[in-house]
Structure formats: C-alpha cells, structure tokens
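The sequence shown maps to residues 1 to 247 in the working numbering.
Simulated from the structure, these hints should not be mistaken for lab results. For glycine and all other residues, C-beta sits at the position ideal for the given N, C-alpha and C. Hints are not guaranteed to be accurate.
For lysine to any residue, the following SDA-like pairs were computed, each having C-alpha atoms within a straight-line distance of at most 20 Å [stated by the list, open to error]:
no., residue 1, residue 2
1, LYS207, ASP175
2, LYS146, MET156
3, LYS144, LEU179
4, LYS150, ASN138
5, LYS150, GLU139
6, LYS244, LYS188
7, LYS207, ASN158
8, LYS77, LEU105
9, LYS150, ASP178
10, LYS230, MET156
11, LYS230, LYS245
12, LYS146, PHE186
13, LYS244, ALA203
14, LYS207, GLN241
15, LYS174, SER201
16, LYS188, ASN214
17, LYS230, LEU163
Each pair of labels, with its calculated beta carbon distance range [to be verified]:
no., residue 1, residue 2, range
18, ASN160, ILE117, 49 to 57 Å
19, ALA183, ASP147, 47 to 55 Å
20, ILE109, PHE68, 18 to 26 Å
21, GLU140, ASN204, 25 to 33 Å
22, GLN240, SER191, 21 to 29 Å
23, PHE111, ASP147, 51 to 59 Å
24, SER191, GLU140, 14 to 22 Å
25, ASP86, GLU46, 18 to 26 Å
26, ILE112, ASN73, 19 to 27 Å
27, ASP192, ASP147, 19 to 27 Å
28, TRP64, ILE109, 18 to 26 Å
29, ILE113, ASP192, 50 to 58 Å
30, TRP114, ASP66, 26 to 34 Å
31, ILE109, GLU185, 18 to 26 Å
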Amino acid sequence: MHNYFICISIFLIQFVGFSNPQKDSLVVDKNSIDKSLEIKESVIQEIKSKSEFDYQKQFQQESWWDDFTEWLNGKWKDLLQAIFGDIEPDSFVYFVTQILPYLILGLVIIFIIWLFIKLNPGQNVLAEPKRDKVYFSNEEELIKTKDLNKLKADAMANNNFRLAVRYWYLLILKDLDDLELIAYEFEKTNSDYAQELQNLSFANSFKQTTNYYNFAWYGGFDVNELQFQKIDRLFIQLQQQINKKHE
Numbered sequence: 001m002h003n004y005f006i007c008i009s010i011f012l013i014q015f016v017g018f019s020n021p022q023k024d025s026l027v028v029d030k031n032s033i034d035k036s037l038e039i040k041e042s043v044i045q046e047i048k049s050k051s052e053f054d055y056q057k058q059f060q061q062e063s064w065w066d067d068f069t070e071w072l073n074g075k076w077k078d079l080l081q082a083i084f085g086d087i088e089p090d091s092f093v094y095f096v097t098q099i100l101p102y103l104i105l106g107l108v109i110i111f112i113i114w115l116f117i118k119l120n121p122g123q124n125v126l127a128e129p130k131r132d133k134v135y136f137s138n139e140e141e142l143i144k145t146k147d148l149n150k151l152k153a154d155a156m157a158n159n160n161f162r163l164a165v166r167y168w169y170l171l172i173l174k175d176l177d178d179l180e181l182i183a184y185e186f187e188k189t190n191s192d193y194a195q196e197l198q199n200l201s202f203a204n205s206f207k208q209t210t211n212y213y214n215f216a217w218y219g220g221f222d223v224n225e226l227q228f229q230k231i232d233r234l235f236i237q238l239q240q241q242i243n244k245k246h247e
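Working from the sequences, and respecting the hints, build out all of it.
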C-alpha cells in the first residue's frame, strides 16, 4: 500500500511539470530603424573612378610580339615536357626550369658583351690605322734597311770577296735610287737599270761593274784578292762619277 502511494505521487509531479513549459528567453527587438543609410554622391563617384571597380575593361588585341612570345613559351614547355616529363610544382626540377630561361638570357647578354669588346668597333674606328708590314726579299732588305758599307767592309775583312762584290753592287743601286737616277724595284733586272742610265756619262762604267757582279754572284765564280782589287777600283770610280753627276 505504501509503495502504491509513492508511485502515484511521482506520476502527478511529472504531469504537472510537462503541463507548464518553460517560457522562451529570447527577446525580440521590435524597434525599427528610423533613418535610412545615406551615401554621399562624391563617395560614389570616387569608387567609380577606381580601376579595380571597372568591370567593363576593353581587352587590347594581341600584337605579333605577344603571339611570338606565347608561341616561344609553348615550345619551351614542350621541350621541358619532352626532357623531364611531368614536373611537380614543388620539385627541384620545377625550380630549375623556372630560372633556366633567365640564365640562358644572361649568358647570351654576356656573350654579346664579350663579342663587342673582342671586335671593339669603336677602337677600330678611332684608332690610327695600322701600317701594313712590308716583307722584303733578301736583296730589298739589304738595300732598304742595312748598312751596306759596313757589310762590305766585314766581307773584305773575312776575305769573302765574292760577297764583297755583291754588297758593292747593291750599294751602287741604293745610291742611284736615293738620287732618283733609277727607280729601284725587286722585279727589275740589272739590264733594266742599265737601260735607265743609258743617257748618262757613267752608263758604260755601270755596265762594266754589272758584268763583274753577274759573273761573280750569279755565275758562282770565286773572286780572289787580286781580282777584287781590280773590281773594287772600278766600283770606286763609278761611285765618284755618280756623286759628281749629282753635284
């Protein structure tokens, strides 16, 4: 009986609790905004003037340079694809491929600068023109650059009379050229010089010394001391005649 009474009491308490639900604690603000939001016209115009709010941009037509760079970029990507295959964006290879075009461009610029310095067109224009080197034959070198008197004296001191005759004759040609009595040229023969001197008083003396020179040098004949003394006197006489003609 006592347990029965307790059960009835619990049932009544629960029934009363469900029949009186808890009131909602959310408060609704029923006050309305009295004033509408006003934006100044100057603010609106300022916003319109900004490029980031311009949604009607006119896209420019691509130029031939844009087409070329786009084509070149495509070929570059195709080349990298053929060499490395698919490249992960966060890989080292991807990093290398990104900086490689700039490295190549830098090397090209360095090469152009080096080539410009190497050729140095500015210096070539401003610098004095280089004189061409003149290559003489042995005879020309002797006549134009050597001291024939000293060479002749050395040959005589060494008893090389055949060589002394050669130096004597070249010395005569040099004197005649310096005095503009002949125009010395390596291609000319001794007969050509005799022809140029045919109207001068010492023409026969020149022909005589020319014959001795041809026999000794071109004929290959040895010249002893006695023979040279005779030839030497003829050359001395010829030189005196040339100097007298010049006076």
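Results for each hint:
{"no.": "1", "hint": "LYS207 with ASP175", "verdict": "16 Å, holds"}
{"no.": "2", "hint": "LYS146 with MET156", "verdict": "17 Å, holds"}
{"no.": "3", "hint": "LYS144 with LEU179", "verdict": "14 Å, holds"}
{"no.": "4", "hint": "LYS150 with ASN138", "verdict": "17 Å, holds"}
{"no.": "5", "hint": "LYS150 with GLU139", "verdict": "16 Å, holds"}
{"no.": "6", "hint": "LYS244 with LYS188", "verdict": "26 Å, violated"}
{"no.": "7", "hint": "LYS207 with ASN158", "verdict": "27 Å, violated"}
{"no.": "8", "hint": "LYS77 with LEU105", "verdict": "16 Å, holds"}
{"no.": "9", "hint": "LYS150 with ASP178", "verdict": "18 Å, holds"}
{"no.": "10", "hint": "LYS230 with MET156", "verdict": "14 Å, holds"}
{"no.": "11", "hint": "LYS230 with LYS245", "verdict": "23 Å, violated"}
{"no.": "12", "hint": "LYS146 with PHE186", "verdict": "16 Å, holds"}
{"no.": "13", "hint": "LYS244 with ALA203", "verdict": "14 Å, holds"}
{"no.": "14", "hint": "LYS207 with GLN241", "verdict": "13 Å, holds"}
{"no.": "15", "hint": "LYS174 with SER201", "verdict": "18 Å, holds"}
{"no.": "16", "hint": "LYS188 with ASN214", "verdict": "14 Å, holds"}
{"no.": "17", "hint": "LYS230 with LEU163", "verdict": "15 Å, holds"}
{"no.": "18", "hint": "ASN160 with ILE117: 49 to 57 Å", "verdict": "54 Å, holds"}
{"no.": "19", "hint": "ALA183 with ASP147: 47 to 55 Å", "verdict": "23 Å, violated"}
{"no.": "20", "hint": "ILE109 with PHE68: 18 to 26 Å", "verdict": "19 Å, holds"}
{"no.": "21", "hint": "GLU140 with ASN204: 25 to 33 Å", "verdict": "27 Å, holds"}
{"no.": "22", "hint": "GLN240 with SER191: 21 to 29 Å", "verdict": "24 Å, holds"}
{"no.": "23", "hint": "PHE111 with ASP147: 51 to 59 Å", "verdict": "52 Å, holds"}
{"no.": "24", "hint": "SER191 with GLU140: 14 to 22 Å", "verdict": "18 Å, holds"}
{"no.": "25", "hint": "ASP86 with GLU46: 18 to 26 Å", "verdict": "49 Å, violated"}
{"no.": "26", "hint": "ILE112 with ASN73: 19 to 27 Å", "verdict": "22 Å, holds"}
{"no.": "27", "hint": "ASP192 with ASP147: 19 to 27 Å", "verdict": "26 Å, holds"}
{"no.": "28", "hint": "TRP64 with ILE109: 18 to 26 Å", "verdict": "24 Å, holds"}
{"no.": "29", "hint": "ILE113 with ASP192: 50 to 58 Å", "verdict": "56 Å, holds"}
{"no.": "30", "hint": "TRP114 with ASP66: 26 to 34 Å", "verdict": "31 Å, holds"}
{"no.": "31", "hint": "ILE109 with GLU185: 18 to 26 Å", "verdict": "54 Å, violated"}
When the structure is compared with the earlier hints, violations turn up for hints 6, 7, 11, 19, 25 and 31 and for no others.
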